[in-house]
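Trainee: Starting from the given sequences, assemble the full structure and let the hints guide the process.
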Amino acid sequence: MTSPRPAADWHVTEALALRYAEGAASETDAWSLEKHVESCSLCAGRVSAAVRAGAAGPALASLRAELLASVGHRPAPVPAVAASPLGRWARLWWAAGPALRGSWVVAVALVLGGAFALAYGAGFQGARSWLLALSPVLPLGGVAVSYGRHADPLYEITAATPSGGLRLLLTRAAAVLTVCVPLLTAGGALLPPVAGFPGAAAWLLPGLALTLATLALGSFVGCRAAAATVAGGWLLAVTGPLLGPSATGPTGTTEGSAAAIARYFSGPTAQGSWAVAALACAALLVLRRRSFDHLETR
Amino acid sequence: MNQPATVAVTGLTVRHRRTVALDALDLSLSPGVHGLLGPNGAGKTSLIRVLATVAAPSSGRVELLGGDVAGHRERTAIRRRLGYLPQEFGYYPGFTVREFVAYVAWLKEVPADRAAAAVERAVARVGLADRIDDRIKTLSGGMVRRAGIAQAIVNEPELLLLDEPTAGLDPEQRVDFRELLRELGTEATVVVSTHLVEDVAAACTDVALIEGGRLAFRGPTAELAALGGESAAPGDSTTNAIERGYTAALRTHRESAGAGAVRTKEALR
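First to last, the protein sequences are chains A and B.
Using this note's numbering, the letters of the first sequence map in sequence onto residues 1 to 298.
Using this note's numbering, the letters of the second sequence map in sequence onto residues 1 to 269.
Derived by calculation from the structure, the hints in this document are not laboratory data.
Take every hint as true, because none was put in to throw you off.
Below, simulated SDA-like cross-link-like pairs (lysine to any residue); rule was C-alpha separation at most 25 Å, straight line: (1) B:K137 - A:H150; (2) B:K137 - A:P153; (3) B:K137 - A:R149; (4) A:K35 - A:A15.
Covered stretches of chain A, going by a simulated chain B footprint (3 or more residues, C-beta under 8 Å): (5) 157-164; (6) 283-295.
Pulled from the structure, derived: some chain A residues nowhere near chain B, Cβ distances all over 12 Å: (7) S41; (8) R52; (9) A107; (10) P192; (11) A201; (12) F220.
Virtual Cβ for every residue (Gly too), placed ideally from N, Cα, C.
Mentor: Written out as structure tokens, the structure reads:
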């Protein structure tokens with residue numbers, strides 16, 4: 001025990017104020033300090049500054065705000081830094097963001113850029129039909145590189161969450177389509193038209209059907225394998241007739257190939273078939289909806 | 001154990017192609033911090049992945065938080081109340097710590113009105129509050145792991161599974177982390193897979209020692225330390241005692257496993 005200090009020339013040091021704020025001051029020191037600040041405003045200010053800066057600061061600040069609010073004092077508006085990052089748009093961006101993997105966006109841009117370069121740079125007349133033929137498989141690539149064990153760096157974490165299954169897959173597929181649909185349709189419309197060839201929007205139903213087919217098949221074999229299978233099948237179907245001698249039209253390869261591609265798009269029969277296929281795949285996907293949040297078996 | 005079991009595993013077998021990772025394992029856990037010890041390749045990660053509802057058991061029954069993981073609806077309910085830090089995990093390079101943790105909160109269906117506060121609280125609890133708006137790719141390995149712990153606790157899980165959580169943490173961070181573990185363990189069932197005996201000594205009330213896919217020891221940490229026997233060396237620490245207990249339990253288990261009998265602490269009870 002130390003003897004009581006003379007009240008006249010003793011003041012609270014910074015070090016003691018700090019120890020007091022942390023609750024680390026000895027009992028006698030704390031007692032001296034408390035007695036002293038009753039009469040010395042300078043030291044009282046020093047101690048309260050130390051307490052506000054310490055661990056109890058946030059609690060004191062909120063208590064002060066509450067007290068002021070209860071007596072009718074309006075607090076200053078909270079600065080924008082504290083604004084919720086979970087706004088609707090931010091959430092949408094997070095949900096979609098990881099789906100739009102850099103490599104895939106680059107691939108889409110390359111295909112579009114290539115089509116424009118062919119059409120306007122090289123004067124190739126069939127650019128629009130080729131873009132139309134490629135358009136339905138581009139979303140498949142986006143789905144394949146954004147979901148599943150092989151593609152998603154967060155897979156191990158998402159696999160243990162309630163939304164990591166079909167909900168996440170559909171969110172990402174939707175994000176992929178949101179980018180593809182306007183980009184490819186506008187791109188197709190801006191290319192020089194090919195005679196006797198369907199409009200730029202003709203790929204939408206085939207694209208949707210192939211995407212849904214990928215998701216439905218993916219419920220059995222995984223999205224990567226499904227996308228590869230469906231895209232491979234489509235490309236074979238499109239290019240297959242071109243390789244055979246009979247497909248080459250009498251007026252040259254370009255028009256012959258355009259006609260071969262056009263068969264898949266033009267006319268109500270073709271588009272109707274795509275619509276039916278899309279519905280069938282969607283129905284299968286609904287039946288298989290639980291397979292995406294299954295347990296992984298090896 | 002007077003509290004109801006939050007994890008009840010019976011006859012759990014996990015096979016990876018031709019090797020058996022877990023062999024008819026029985027384990028029941030209640031709230032508290034449980035250390036999962038064992039040599040490399042003993043089946044720790046296989047067990048954690050089954051408990052995290054990521055991997056399917058080849059056979060056996062797994063009940064978590066009162067629900068069977070085999071049922072779709074029950075599994076979804078379990079996943080909302082689960083936290084999981086994988087041994088290795090990726091992240092989206094463009095994401096900040098806040099976005100990363102918030103993304104997981106979204107996946108775990110944390111209500112939108114509570115999510116922002118939950119994210120800040122989780123990040124503060126792992127001591128990353130000052131880096132919350134920094135991109136994850138700019139953080140050091142230890143900080144990335146802490147961000148991983150933050151995503152695991154963002155939904156205040158009742159069952160928290162941490163696979164090697166202290167890997168890459170420096171000694172001071174490890175001390176803070178063990179403090180956090182003890183705090184979490186008062187409410188939740190926390191399973192910590194580790195190869196660091198001092199983690200177990202400092203934070204775990206209870207130890208499960210796995211070897212060759214089977215339970216070699218199960219009981220309070222003090223009991224494992226007691227298995228090591230008295231040390232003649234002066235100044236012997238708890239860590240050393242647990243290390244000796246660990247070795248002794250493994251040796252006993254290997255001998256009995258050789259004779260075809262599995263003797264676990266639970267079987268003896």
